[in-house]
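On the provided structure of chain A, position chain B as indicated by the hints.
Chain residues, written in single-letter form:
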Amino acid sequence: MPLSSPKSPDRLIAAIYEVLYSKALFEGVTAVIEKELIDAINKMQVLSLYHRAWPEVSKGDIDNIIARHRDILRKIIHYVEDLSEGRIFQLKHVREIEKTIEEAIKKLLSKELPIKPDINASECIEYIIKSISNRLSEAKVSENQKKEFLSIQRSIYEKALRYGLIVITGGAGTGKTETIINLVELFSRIGKKPIYIVTPTGKSALVIEERLRKRNLLKDVAFISTIHRLLYSYYFEKFPSITGYKKEFRELVDLIDKTLNDIRFFNEFKDYINRNSDLKIQPKILIIDEASMVDEILLALLFSIVNIDSLEHLIIVGDSNQLPPIGFGKPFVDIIDFLKEKYEDQVIVLETPIRFPIQTGIWAFSQTFTSPDNPIDVLENYIDDTLKIHYFHGIDDLKDKITSILKELLSEIVGSYPSKFEILDLLNTLLEIDLSEEQPSLEKIDKV
Amino acid sequence: MKILLNDLKQDSGIDSYAKYLIAQIIEFIRDRGSEYFKALELLCRLDLAYAQIRNIIRDNENKKISIEDLINYPYSLVYTYVPQHDLQEREWFAEFMDFNLDLYLLDIPLIPESILCELHAIIVAKISRSFNSGNI
Chain A
1 MPLSSPKSPD RLIAAIYEVL YSKALFEGVT AVIEKELIDA INKMQVLSLY HRAWPEVSKG
61 DIDNIIARHR DILRKIIHYV EDLSEGRIFQ LKHVREIEKT IEEAIKKLLS KELPIKPDIN
121 ASECIEYIIK SISNRLSEAK VSENQKKEFL SIQRSIYEKA LRYGLIVITG GAGTGKTETI
181 INLVELFSRI GKKPIYIVTP TGKSALVIEE RLRKRNLLKD VAFISTIHRL LYSYYFEKFP
241 SITGYKKEFR ELVDLIDKTL NDIRFFNEFK DYINRNSDLK IQPKILIIDE ASMVDEILLA
301 LLFSIVNIDS LEHLIIVGDS NQLPPIGFGK PFVDIIDFLK EKYEDQVIVL ETPIRFPIQT
361 GIWAFSQTFT SPDNPIDVLE NYIDDTLKIH YFHGIDDLKD KITSILKELL SEIVGSYPSK
421 FEILDLLNTL LEIDLSEEQP SLEKIDKV
Chain B
449 MKILLNDLKQ DSGIDSYAKY LIAQIIEFIR DRGSEYFKAL ELLCRLDLAY AQIRNIIRDN
509 ENKKISIEDL INYPYSLVYT YVPQHDLQER EWFAEFMDFN LDLYLLDIPL IPESILCELH
569 AIIVAKISRS FNSGNI
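Chain order of the listed sequences is A and B.
Residue 202 in the working numbering is what sits at position 202 of the first sequence, and the numbering runs on without skipping anything.
Residue 498 in the working numbering is what sits at position 50 of the second sequence, and the numbering runs on without skipping anything.
None of these hints come from the bench; they were simulated from the model.
The C-beta atom is built at its ideal place from N, Cα and C for all residues, glycine as well.
Where hints are given, some of them may not hold.
Stated by the list, open to error - Here are the computed lysine-lysine pairs in the DSSO-like style, where the Cα-Cα straight-line distance is at most 27 Å:
| id | chain 1 | residue 1 | chain 2 | residue 2 |
| --- | --- | --- | --- | --- |
| 1 | A | 193 | A | 107 |
| 2 | A | 116 | A | 99 |
| 3 | A | 192 | A | 159 |
| 4 | A | 192 | A | 219 |
| 5 | A | 92 | B | 512 |
| 6 | A | 176 | A | 111 |
| 7 | B | 511 | A | 247 |
| 8 | A | 280 | A | 106 |
| 9 | A | 280 | A | 238 |
| 10 | A | 258 | B | 511 |
| 11 | B | 486 | A | 7 |
| 12 | A | 75 | B | 511 |
| 13 | A | 247 | B | 486 |
| 14 | A | 246 | A | 280 |
| 15 | B | 512 | A | 99 |
| 16 | A | 99 | B | 486 |
| 17 | A | 107 | A | 270 |
| 18 | A | 75 | B | 512 |
| 19 | A | 92 | A | 75 |
| 20 | A | 106 | A | 284 |
| 21 | B | 467 | B | 486 |
| 22 | A | 75 | A | 130 |
| 23 | A | 176 | A | 342 |
| 24 | A | 147 | A | 111 |
| 25 | B | 467 | A | 75 |
| 26 | A | 92 | A | 59 |
| 27 | B | 512 | A | 270 |
| 28 | A | 92 | B | 467 |
| 29 | A | 258 | B | 512 |
| 30 | A | 7 | B | 467 |
| 31 | A | 270 | B | 511 |
| 32 | A | 203 | A | 219 |
| 33 | A | 130 | A | 159 |
Claimed, not checked - Computed spacing ranges between beta-carbons, pair by pair:
| id | chain 1 | residue 1 | chain 2 | residue 2 | range |
| --- | --- | --- | --- | --- | --- |
| 34 | B | 467 | A | 75 | 50 to 56 Å |
| 35 | B | 493 | A | 75 | 23 to 29 Å |
| 36 | B | 493 | A | 43 | 23 to 29 Å |
| 37 | B | 519 | A | 233 | 41 to 47 Å |
| 38 | A | 257 | B | 485 | 36 to 42 Å |
If we strip away everything but chain A, and leave its shape as in the complex, we get (with noise of 0.2 Å):
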């Protein structure tokens, strides 16, 4: 058969290649099993240009390159027989990158720390626990619910004392920057720096440095950034230069680049920074905030450029049940489904909600994103002045429903009905708008 005829060996292992680039890159599926890989085959667009040519690919045509081309089709597809699913077929460059991601995770979870915090830290996680009391007090939620928090902010600056690696999960409310701030605090308290913050999004990052300015911790904290800021400019700020920056700074960072658009530079990128270790970023704490939204490329790279033996905590924090990053894999629930089985003391669900009371309509309408089992249907039993339902049909009875919950709500404001120049300018000052201490309702860049 010659290699260029329709079905010759060659072109099918290119065309498993492209349908497993495609699924990674398009649908951020990394491991495909060989039904589907099969029928993505037989769905190509190109099989509409060449359809009196192309006979069907049938399981057997894989069997025979498997059996026949393995030594081709190993350089650049990874694959295992999976006893319930059949094979499983998997890009070398992404087997790579999570391999990367594995073998950081694991000697994270072998690193040997003290079972039982010393004196010192002992009495850090009570004046921190004691300090959330106090905030607490304040805050509209029950007695019940404060308990329940302080118990369990309690556990996870033991076990983040205890452990290489913990995460962090949780629904809206339930205190996640909250926790992030007070580790800060607990680690900076005993010593343990210089502690880099990172989050996928620049919002994120934000939110966590305002918070941490109001709590004078910021000083504490070497580097809080997004992690593409992390990866392209961190070199350049740690180490301004006048003469001009280091060849390997810009080497590495070009690399990173590539990588970023193309998954088939990862290996050139980690040659790289294994040939250049004294490039790699040493922080001691290590906190990944919105971790769910970051993709396999992006936690492979990270995970190369900081030096995981020198690193002694990782603190991954996000929420499972928001969606999926827009990329390779969902690395944050992966991660959290694998410690289930062996660590599952290493991963913390926080459920209670601190933002607001527990059994409230606010409280309800939260949950609906955390779980299938509330559909919006059961919200109608949690109406209240915390949550009112609005139906509408159609875009502009959207629009002019919206207008008239902004006239009414503002309306008790400004005392009268106000036109639309007068609302949109009411909204930009209370965005605008310097709280001070004293009416801590609204944060100016907080979620709202």
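What follows is chain B alone, placed relative to chain A:
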């Protein structure tokens, strides 16, 4: 080869950058074995941009793509070829752009659709007949 290079130099109808690249290709295959001619023949069949040919030559020099594999497994380009991301300003033009090499792009020249080939042959035959009869 010398004649070919001379002809190329004098040809005013070719863009100077293209001239430079063609000269580079000719230089590249000069004094090399017949497999390089086969590879050139293959690359000529593929509708590649200048940048893509330049990258394949570079990848071969860097031992990422072997000439032998290129001839024997042309579809291996799908997984061995990596497009360049540091685009120069002129590479925004279509003929300089470096798209990825996918299956579809290789299929067109490597497995020509028989209907299209027949159609092409009929059209060419008709045109040449009209030309010979003086209608064009």
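Cross-check of the supplied hints:
Taking the CA atoms of residue 193/A and residue 107/A, the gap is about 20 Å. The hint holds against a cut of 27 Å. A C-alpha spacing of about 32 Å is found between residue 116/A and residue 99/A, which places the hinted pair above 27 Å, so the restraint is violated. Between residue 192/A and residue 159/A, the direct Cα distance comes to roughly 15 Å. Compliance with the 27 Å bound is thereby established for this hinted pair. Using a Cα cut-off of 27 Å, the hinted pair residue 192/A and residue 219/A holds, with the two alpha carbons roughly 14 Å apart.
Simply put, residue 92/A and residue 512/B have alpha-carbon atoms about 16 Å apart, close enough for the 27 Å limit, and the pair holds. Note on residue 176/A and residue 111/A: the hinted pairing holds, with a Cα-Cα distance of about 25 Å set against a maximum of 27 Å. The suggested pairing of residue 511/B with residue 247/A holds, with an alpha-carbon distance near 25 Å, which does not exceed 27 Å. Between residue 280/A and residue 106/A the CA atoms are separated by roughly 19 Å; this keeps the pair inside 27 Å, and the hint holds.
Proposed proximity of residue 280/A and residue 238/A is supported: the alpha carbons are some 13 Å apart, at most 27 Å. The straight-line distance between the Cα atoms of residue 258/A and residue 511/B is roughly 20 Å, inside the 27 Å bound, and the hint therefore holds. Simply put, residue 486/B and residue 7/A have alpha-carbon atoms about 23 Å apart, close enough for the 27 Å limit, and the pair holds. Restraint check for residue 75/A and residue 511/B: satisfied, since their Cα atoms lie roughly 15 Å apart, inside the 27 Å limit.
Between residue 247/A and residue 486/B, the direct Cα distance comes to roughly 40 Å. Violation of the 27 Å bound is thereby established for this hinted pair. Taken as a hint, the residue 246/A and residue 280/A pair is honoured in the structure, with Cα atoms around 14 Å apart against an allowance of 27 Å. About 23 Å separates the Cα atoms of residue 512/B and residue 99/A, which keeps this hinted pair within 27 Å; it holds. Under the criterion of a C-alpha separation no larger than 27 Å, the hint pairing residue 99/A with residue 486/B is inconsistent with the structure, at around 39 Å.
For the hint linking residue 107/A to residue 270/A, the alpha-carbon distance of about 17 Å falls within 27 Å, and the restraint holds. About 13 Å separates the Cα atoms of residue 75/A and residue 512/B, which keeps this hinted pair within 27 Å; it holds. At roughly 7 Å between alpha-carbon atoms, residue 92/A and residue 75/A fall within 27 Å of each other, so this suggested pair holds. Between residue 106/A and residue 284/A the alpha-carbon distance is near 17 Å, which keeps this suggested pair within the 27 Å criterion.
The straight-line distance between the Cα atoms of residue 467/B and residue 486/B is roughly 21 Å, inside the 27 Å bound, and the hint therefore holds. For the hint pairing residue 75/A with residue 130/A, the CA-to-CA distance comes to about 58 Å; that exceeds 27 Å, so the pair is violated. For a cut-off of 27 Å, the pair hint linking residue 176/A to residue 342/A stands: about 24 Å separates their Cα positions. For the hint pairing residue 147/A with residue 111/A, the CA-to-CA distance comes to about 32 Å; that exceeds 27 Å, so the pair is violated.
Note on residue 467/B and residue 75/A: the hinted pairing is violated, with a Cα-Cα distance of about 37 Å set against a maximum of 27 Å. Distance restraint check for residue 92/A and residue 59/A: the Cα-Cα separation of roughly 21 Å lies within the 27 Å cut-off, and the hinted pair is therefore satisfied. For the hint linking residue 512/B to residue 270/A, the alpha-carbon distance of about 17 Å falls within 27 Å, and the restraint holds. Taking the CA atoms of residue 92/A and residue 467/B, the gap is about 38 Å. The hint is violated against a cut of 27 Å.
Using a Cα cut-off of 27 Å, the hinted pair residue 258/A and residue 512/B holds, with the two alpha carbons roughly 17 Å apart. Proximity of residue 7/A to residue 467/B is assessed by CA-CA distance (about 38 Å); at most 27 Å being required, the pair is judged violated. Straight-line distance between C-alpha atoms of residue 270/A and residue 511/B comes to about 19 Å, which keeps the hinted pair within the 27 Å bound. Pair hint residue 203/A plus residue 219/A holds up; C-alpha atoms about 20 Å apart against a cutoff of 27 Å.
A threshold of 27 Å between alpha carbons decides the hint, and for residue 130/A with residue 159/A the separation of about 18 Å falls inside it, so the pair holds. About 37 Å separates the C-beta atoms of residue 467/B and residue 75/A, a value inconsistent with the hinted range of 50 to 56 Å. A hinted range of 23 to 29 Å holds for the C-beta pair residue 493/B and residue 75/A, which are about 25 Å apart. The beta-carbon spacing between residue 493/B and residue 43/A, approximately 27 Å, falls within the hinted interval of 23 to 29 Å.
Remark: the range hint 41 to 47 Å for residue 519/B to residue 233/A is upheld by a beta-carbon distance near 45 Å. One distance hint, 36 to 42 Å for the beta-carbon pair residue 257/A and residue 485/B, holds here, with the actual separation near 37 Å.
Hint compliance for this structure: hints 2, 13, 16, 22, 24, 25, 28, 30 and 34 are not met, and every other hint is.
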